[in-house]
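The primary structure of each chain is shown beneath.
There are 6 protein chains.
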Amino acid sequence: MPAGRVATVPPVPEQGATGKVAEVYEDIRRTKGIDAVPNFWRVLATNPDHLELVWGRLKAVMHPEAAGRSSKLAPVTREIIALAVSATNGCAYCVNSHTAALRKLGMDAELLGEVMAVVALFNSTNALADGYQIEPDVLPPAE
Amino acid sequence: MPAGRVATVPPVPEQGATGKVAEVYEDIRRTKGIDAVPNFWRVLATNPDHLELVWGRLKAVMHPEAAGRSSKLAPVTREIIALAVSATNGCAYCVNSHTAALRKLGMDAELLGEVMAVVALFNSTNALADGYQIEPDVLPPAE
Amino acid sequence: MPAGRVATVPPVPEQGATGKVAEVYEDIRRTKGIDAVPNFWRVLATNPDHLELVWGRLKAVMHPEAAGRSSKLAPVTREIIALAVSATNGCAYCVNSHTAALRKLGMDAELLGEVMAVVALFNSTNALADGYQIEPDVLPPAE
Amino acid sequence: MPAGRVATVPPVPEQGATGKVAEVYEDIRRTKGIDAVPNFWRVLATNPDHLELVWGRLKAVMHPEAAGRSSKLAPVTREIIALAVSATNGCAYCVNSHTAALRKLGMDAELLGEVMAVVALFNSTNALADGYQIEPDVLPPAE
Amino acid sequence: MPAGRVATVPPVPEQGATGKVAEVYEDIRRTKGIDAVPNFWRVLATNPDHLELVWGRLKAVMHPEAAGRSSKLAPVTREIIALAVSATNGCAYCVNSHTAALRKLGMDAELLGEVMAVVALFNSTNALADGYQIEPDVLPPAE
Amino acid sequence: MPAGRVATVPPVPEQGATGKVAEVYEDIRRTKGIDAVPNFWRVLATNPDHLELVWGRLKAVMHPEAAGRSSKLAPVTREIIALAVSATNGCAYCVNSHTAALRKLGMDAELLGEVMAVVALFNSTNALADGYQIEPDVLPPAE
Chain Y
178 MPAGRVATVP
188 PVPEQGATGK
198 VAEVYEDIRR
208 TKGIDAVPNF
218 WRVLATNPDH
228 LELVWGRLKA
238 VMHPEAAGRS
248 SKLAPVTREI
258 IALAVSATNG
268 CAYCVNSHTA
278 ALRKLGMDAE
288 LLGEVMAVVA
298 LFNSTNALAD
308 GYQIEPDVLP
318 PAE
Chain B
178 MPAGRVATVP
188 PVPEQGATGK
198 VAEVYEDIRR
208 TKGIDAVPNF
218 WRVLATNPDH
228 LELVWGRLKA
238 VMHPEAAGRS
248 SKLAPVTREI
258 IALAVSATNG
268 CAYCVNSHTA
278 ALRKLGMDAE
288 LLGEVMAVVA
298 LFNSTNALAD
308 GYQIEPDVLP
318 PAE
Chain F
178 MPAGRVATVP
188 PVPEQGATGK
198 VAEVYEDIRR
208 TKGIDAVPNF
218 WRVLATNPDH
228 LELVWGRLKA
238 VMHPEAAGRS
248 SKLAPVTREI
258 IALAVSATNG
268 CAYCVNSHTA
278 ALRKLGMDAE
288 LLGEVMAVVA
298 LFNSTNALAD
308 GYQIEPDVLP
318 PAE
Chain L
178 MPAGRVATVP
188 PVPEQGATGK
198 VAEVYEDIRR
208 TKGIDAVPNF
218 WRVLATNPDH
228 LELVWGRLKA
238 VMHPEAAGRS
248 SKLAPVTREI
258 IALAVSATNG
268 CAYCVNSHTA
278 ALRKLGMDAE
288 LLGEVMAVVA
298 LFNSTNALAD
308 GYQIEPDVLP
318 PAE
Chain C
178 MPAGRVATVP
188 PVPEQGATGK
198 VAEVYEDIRR
208 TKGIDAVPNF
218 WRVLATNPDH
228 LELVWGRLKA
238 VMHPEAAGRS
248 SKLAPVTREI
258 IALAVSATNG
268 CAYCVNSHTA
278 ALRKLGMDAE
288 LLGEVMAVVA
298 LFNSTNALAD
308 GYQIEPDVLP
318 PAE
Chain S
178 MPAGRVATVP
188 PVPEQGATGK
198 VAEVYEDIRR
208 TKGIDAVPNF
218 WRVLATNPDH
228 LELVWGRLKA
238 VMHPEAAGRS
248 SKLAPVTREI
258 IALAVSATNG
268 CAYCVNSHTA
278 ALRKLGMDAE
288 LLGEVMAVVA
298 LFNSTNALAD
308 GYQIEPDVLP
318 PAE
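Chains as they are written, first to last, in our numbering: chain Y, 178 to 320; chain B, 178 to 320; chain F, 178 to 320; chain L, 178 to 320; chain C, 178 to 320; chain S, 178 to 320.
None of these hints come from the bench; they were simulated from the model.
All values reported here derive from a predicted model rather than from experimental measurement.
Mixed in with the good hints there might be a few duds.
All copies of an identical chain are treated as equivalent in the list; a pair is satisfied when it fits inside any one copy or across any two copies.
Stated by the list, open to error - Each computed EDC-like pair below joins lysine to aspartate or glutamate, with the alpha-carbon atoms no more than 20 Å apart:
no.: 1; residue 1: K236; residue 2: E203
no.: 2; residue 1: K236; residue 2: D226
no.: 3; residue 1: K197; residue 2: D226
no.: 4; residue 1: K281; residue 2: D212
no.: 5; residue 1: K249; residue 2: E287
no.: 6; residue 1: K209; residue 2: E191
no.: 7; residue 1: K281; residue 2: E200
no.: 8; residue 1: K249; residue 2: D285
no.: 9; residue 1: K281; residue 2: E242
no.: 10; residue 1: K249; residue 2: E203
no.: 11; residue 1: K249; residue 2: E229
no.: 12; residue 1: K236; residue 2: E287
no.: 13; residue 1: K249; residue 2: D226
no.: 14; residue 1: K209; residue 2: E229
Starting from the given sequences, assemble the full structure and let the hints guide the process.
Written out as structure tokens, the structure is:
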């Protein structure tokens with residue numbers, strides 16, 4: 178009976194969570210404006226210190242205003258980068274999660290197709306540049 | 178005497194190029210507004226059919242207006258995706274090339290740092306989601 | 178209830194397809210000699226321009242005679258390369274698809290085992306060469 | 178009906194196995210102290226020579242004492258490396274298998290979290306070092 | 178004149194560094210007990226916020242005692258994981274850096290060979306498990 | 178002074194090699210019909226057991242007749258797989274080595290271009306299949 182992917186450690190439920198885990202869960206729900214904590218964070222919660230560390234970094238990078246930082250990248254651009262990385266790495270959970278985030282930000286299937294066209298193109302050219310070991314072009318020095 | 182990366186096949190020089198290669202070279206220079214054909218294309222030119230095929234696709238995706246297409250992605254977003262893919266794959270030639278393209282489009286080192294922060298973050302979370310085999314969240318069905 | 182992989186965008190059905198999508202679908206069925214368009218193409222069809230672009234390239238590379246090109250690589254060699262790349266990238270859809278193609282071309286499980294032995298060996302040596310940062314051997318110059 | 182992952186070739190059952198396959202199966206059960214041969218080996222058995230080759234190498238590296246070798250790496254360290262590689266490659270079967278091995282060796286979810294924190298951190302810094310093409314620090318020469 | 182890898186942005190020198198960058202540089206030197214800040218950090222310093230974020234995470238994970246945390250993983254195990262990830266990703270800078278760290282911790286070439294043997298083995302088996310799409314063994318449920 | 182890639186451990190010279198290392202070196206030269214042992218093997222020789230293990234496997238897979246085995250894969254097909262894997266992984270040493278092997282087997286730049294076209298195409302489609310999480314087509318059951 179082949180089954181789908183099941184996390185190798187059981188996620189920590191929201192109900193009954195205490196201490197550091199409960200605090201991070203609450204911050205995730207508030208910062209993201211969602212009702213349920215995604216599986217990703219509930220699995221990380223099996224090591225509360227690591228949960229806190231990863232959430233702190235993701236909050237700083239992806240929700241800079243909530244973290245008291247400023248950013249010149251648009252939220253949709255950040256999610257596009259996330260999807261490009263996840264598609265390149267072939268990460269199932271991440272592709273699902275970031276595609277959902279892009280849909281929430283209004284991206285339709287046609288625009289998603291444009292994003293994927295660029296992702297696919299450069300996975301292709303990367304293999305060519307590496308497969309021929311092409312040497313970098315001489316560039317003007319960075320200022 | 179350890180040396181840098183040298184292409185496994187010698188690039189086809191611009192001077193003396195004929196036929197299909199000369200045509201593609203000319204189209205590359207005109208479409209990109211550059212004086213010299215980058216090493217990438219000059220190495221691909223060792224198989225003229227493949228040069229034509231890859232250039233045709235890159236032109237359609239990255240220079241849609243020149244290819245008679247329309248696109249809703251901004252050029253800078255396309256180059257950001259290219260860099261995100263290339264950094265994830267660790268492709269030296271490609272990282273150099275797309276960073277140079279982003280500098281030409283006005284991106285400074287601080288904004289590049291924001292892009293790289295997102296790229297790095299999701300290479301990290303990809304490893305976590307895969308390393309724990311976290312199962313996708315149940316999402317509302319795509320319309 | 179963990180489920181298998183489900184595409185993040187719904188595939189475009191063959192029935193009712195019109196315009197560019199219908200044309201590409203028909204060309205895929207005719208060129209490949211199959212009755213049903215695989216999921217891969219039906220998902221790409223959510224962006225008809227991209228569908229056309231990817232199919233055009235795959236047709237040129239994998240069905241050169243149908244695309245009016247010539248090739249010195251045997252079809253079975255091309256599918257072996259496809260499987261080697263897909264196994265290295267860990268792409269589930271692609272491994273299934275290219276293994277099925279090789280079975281159709283007559284490859285049995287024992288010969289598949291030989292292919293996989295080579296794929297596995299070089300994923301191993303790649304890690305060693307990169308993990309020790311071994312410098313390339315000095316080679317006679319390419320002519 | 179989307180299903181989970183199913184091997185592209187049917188595994189060779191333990192019952193009825195003969196010759197080289199039966200011998201390797203028996204050695205796997207004895208060396209690992211398990212009752213059933215894992216799917217990995219039963220799929221490799223479709224090419225008995227390859228089964229023997231891969232098992233011989235894994236036995237030498239992971240069960241050195243059984244192979245008449247000595248090793249200075251602790252078994253738990255070897256399994257941690259296996260998990261780090263598998264998480265980085267996103268290999269589902271391997272992540273499941275090596276996490277199970279670590280649990281058998283007594284690793285709990287909190288310590289697993291520490292391992293994954295290191296794995297995730299360096300997938301992140303790898304992307305940064307490659308994404309900026311940072312040149313190696315000058316090191317004292319290896320003795 | 179092919180040259181080695183050169184960072185796409187110029188590193189920020191230690192001399193003359195101010196504010197957040199100077200503080201992080203000082204913390205890196207003190208925490209790691211080194212005289213010069215490695216190139217990695219000097220390149221990240223082109224975006225001081227990102228420098229601070231990455232250093233904060235690396236300090237927490239790799240120097241837990243300095244960060245006021247506790248850890249059950251030995252420092253040498255953490256560096257072994259770092260090398261395993263870096264070899265798998267083929268990250269040149271990182272392989273150099275973590276091999277140097279392991280040498281400082283007393284690892285000789287023979288033991289390094291044992292580590293690399295495990296890294297290489299599992300890059301090989303990962304390709305096999307993914308290349309055959311082997312389904313996970315049924316495991317006893319995680320407690 | 179940025180330099181090229183230098184192995185993290187010094188290769189073991191052929192002159193003065195003794196015991197197991199000398200034996201494997203001699204077998205490499207004889208089996209491959211070459212005068213000098215490539216850097217790859219001279220670096221592995223820092224752990225003689227590992228040298229023996231990796232050479233034994235490579236000999237069995239890539240030089241089956243010398244190892245007393247038979248194979249239905251042509252030598253050029255095996256080297257093509259090696260190059261496809263190495264290009265996909267972006268392994269510099271390996272790309273150089275396997276391209277040189279293919280040149281020795283008579284492959285010219287045009288045919289190499291065909292190989293690279295297939296490699297590049299499927300790195301592209303892999304990213305699409307993973308990036309959309311396309312579910313496998315229902316296939317007829319393997320016999």
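Structure-based check of all given hints:
Only within a single protomer do K236 and E203 lie at most 20 Å apart by alpha-carbon distance; the minimum there is 13 Å, versus 26 Å between protomers. Taking CA atoms no more than 20 Å apart as the test, K236 paired with D226 passes in both settings, with 15 Å inside one copy and 13 Å between copies. Taking the closest pair of Cα atoms, K197 and D226 come within 20 Å of each other only inside a single copy of the chain (8 Å); across copies the shortest separation is 25 Å, beyond that limit. In this assembly of identical chains, K281 and D212 lie within 20 Å of each other by CA distance solely inside one copy; the values are 15 Å within and 36 Å between copies.
Taking the shortest Cα distances, K249 and E287 sit within 20 Å of each other only across copies (9 Å), while inside one copy they are farther apart (26 Å). Proximity of K209 to E191 under the C-alpha cut-off of 20 Å is restricted to the intra-copy arrangement: shortest distance 16 Å within a copy versus 38 Å between copies. Taking the shortest alpha-carbon separations for K281 and E200, neither the intra-copy value of 25 Å nor the inter-copy value of 32 Å comes in at or below 20 Å. In this assembly of identical chains, K249 and D285 lie within 20 Å of each other by CA distance solely across copies; the values are 11 Å between and 24 Å within a copy.
In this homomeric assembly, K281 and E242 come within 20 Å of each other (Cα to Cα) only inside a single copy, at 19 Å, whereas the closest approach across copies is 28 Å. For the identical chains of this complex, K249 and E203 are neighbours neither inside a copy (27 Å) nor across copies (28 Å), given an alpha-carbon limit of 20 Å. Within a single copy, K249 and E229 get their C-alpha atoms only as close as 25 Å, which misses the 20 Å cut-off; across copies the closest is 18 Å, which meets it. In this homomeric assembly, K236 and E287 come within 20 Å of each other (Cα to Cα) only across copies, at 19 Å, whereas the closest approach inside a single copy is 29 Å.
Taking the closest pair of Cα atoms, K249 and D226 come within 20 Å of each other only across two copies (13 Å); inside a single copy the shortest separation is 30 Å, beyond that limit. In the homo-oligomer, the alpha carbons of K209 and E229 lie at most 20 Å apart inside one protomer (16 Å), although the nearest pairing across protomers, at 24 Å, exceeds that limit.
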